[in-house]
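Peer 1: Chain by chain, the residues:
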Amino acid sequence: MEITFREKKWELKGNITARDAIKKIGLEPEAVLVVVNGELKTDDALLKEEDQVKLIAVISGGAG
Amino acid sequence: MHCRKCKLNAVINMRHHKLALCGEHYADWFVAQTERAIEKYKMFTRDEPVLVAVSGGKDSLALWEVLLKLGYRADAMYMGLGINDGVPYSDQSLEKTLKFAEPFGTVVVNGKVTTQSSRNAETPALASGASVASQTAPAITHTPTLHLIDIPDTYGKTIPEIAREKTRGHGKPCAACGLTKRYVMNRLAAERGYAALATGHNLDDEVAVLMQNTLRWQTGFLARQAPVLPAMSNRFARKVKPFVRFYERETAAYALVRGIDYIYDECPHAVGNLTNFYKTLLNQLEAHSPGTKLSFYLEFLRARRDGLFTQFNEAGSLHECESCGQPTSAPGRCAFCRMWDIGADRADAPLLAADIPLAADLNGG
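Taken in sequence, the protein lines are chains H and X.
All residue numbers for the first sequence refer to our numbering, where the first residue is 1 and numbers rise by one.
All residue numbers for the second sequence refer to our numbering, where the first residue is 1001 and numbers rise by one.
Just to be clear, a hint being listed does not mean it is correct.
Here are the simulated lysine-lysine pairs, DSBU-like style, with alpha carbons at most 30 Å apart [to be verified]:
1. X:Lys1172 - X:Lys1157
2. X:Lys1099 - H:Lys54
3. X:Lys1157 - H:Lys54
4. H:Lys48 - X:Lys1005
5. X:Lys1157 - X:Lys1112
6. H:Lys23 - X:Lys1018
7. H:Lys24 - X:Lys1018
Hints are computed from structural coordinates only; laboratory data are not their basis.
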């Protein structure tokens, strides 16, 4: 599956939970939300090869 | 994982509450928890006009949306800081804010109305779309107003410019930015008749500051950290934080569920700052031991309520700035007037609130 976070992209193989995928690419699961194929999911969601996964930083925005 | 209430797929699992919810039930829960916090900490009532400080970020836009959904008389203010060096961050923030507000609100730029909404326009709180607790949403009783205050237009310089000029903040404009925002927000809220100034601070914001202050035993700061800071005079607005019990991931999830288009990026000057470093550390603790952040904060509030920090509250030492009259602990001019070179002889110092309508006029009394 393809995982994007900000400007970065990763390609991971095999079925894997979102939480494990987040750890595998070196991020902290508490610090991101997982959007799979456009839907917000909990991090126990099992990711499939064809999934488009977007990670959204929890810390964000707001200065003006 | 399934929603505890309806068994649909959950969109969020809050380990510290042992609660997983689907989008619809999460939005309902979030709104109800906000109202509970407002009532628990006696922040404001539905009869009082409230000014929400918005920035285009998830927390502040979600806060304005939720307050309107709950039927509060909530207006908002956005401050243009001129942070456009490198990345057009302020421009993007303003764009998100206007996109959110224009369909239902009146936009007032530096005191002048530029966009007049129809009173019948749907607020985001009542618009159709993602899960909405509209069955219980009361009618909107006023046309929400968005005040835009442009700092470069008002004071002649952007925040990065004034920070460079004054060499405040060790090469970062955050200190100048914080000082300016606190001053302008307070002044607008206090002088234009708002009962409270509401900010979108979430629990992660609060525990990061709490951790910093605890590690340095900044007892004066600890004494003043609370969900509500009362108005100590008619020049000091009541400060309230209705999202203070939500984790940052919860406010982000709410914004996503509700389809609020917010600015994802951090302020370029905030990247790598100390607060974010502490947030990262606290998230590592949270991952190891769910509930750590919540208990750290709630136990601090309990200790504070029990008087642990009362002796360190220095509120009594405030006096009026000889230039602008705002409360300050500094001798002579306040830190804001000193930074912006607003002198005691300058009676026409930018009185940003002078042309801005009173809350009572905007809200029909």
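Peer 1: Confirm or reject each hint.
Peer 2: Hints and how they fare:
1. For a cut-off of 30 Å, the pair hint linking Lys1172 (chain X) to Lys1157 (chain X) stands: about 16 Å separates their Cα positions.
2. Distance hint between Lys1099 (chain X) and Lys54 (chain H) is fulfilled; the C-alpha atoms sit about 23 Å from each other, no more than 30 Å.
3. For the given pair, Lys1157 (chain X) sits about 38 Å from Lys54 (chain H) by alpha-carbon distance, which is inconsistent with the 30 Å threshold.
4. Between Lys48 (chain H) and Lys1005 (chain X) the CA atoms are separated by roughly 27 Å; this keeps the pair inside 30 Å, and the hint holds.
5. Proximity of Lys1157 (chain X) to Lys1112 (chain X) is assessed by CA-CA distance (about 21 Å); at most 30 Å being required, the pair is judged to hold.
6. Straight-line distance between C-alpha atoms of Lys23 (chain H) and Lys1018 (chain X) comes to about 22 Å, which keeps the hinted pair within the 30 Å bound.
7. Only pairs whose Cα atoms come within 30 Å are accepted, and Lys24 (chain H) paired with Lys1018 (chain X) is accepted, the gap being roughly 25 Å.
The structure shown violates just one earlier hint, number 3.
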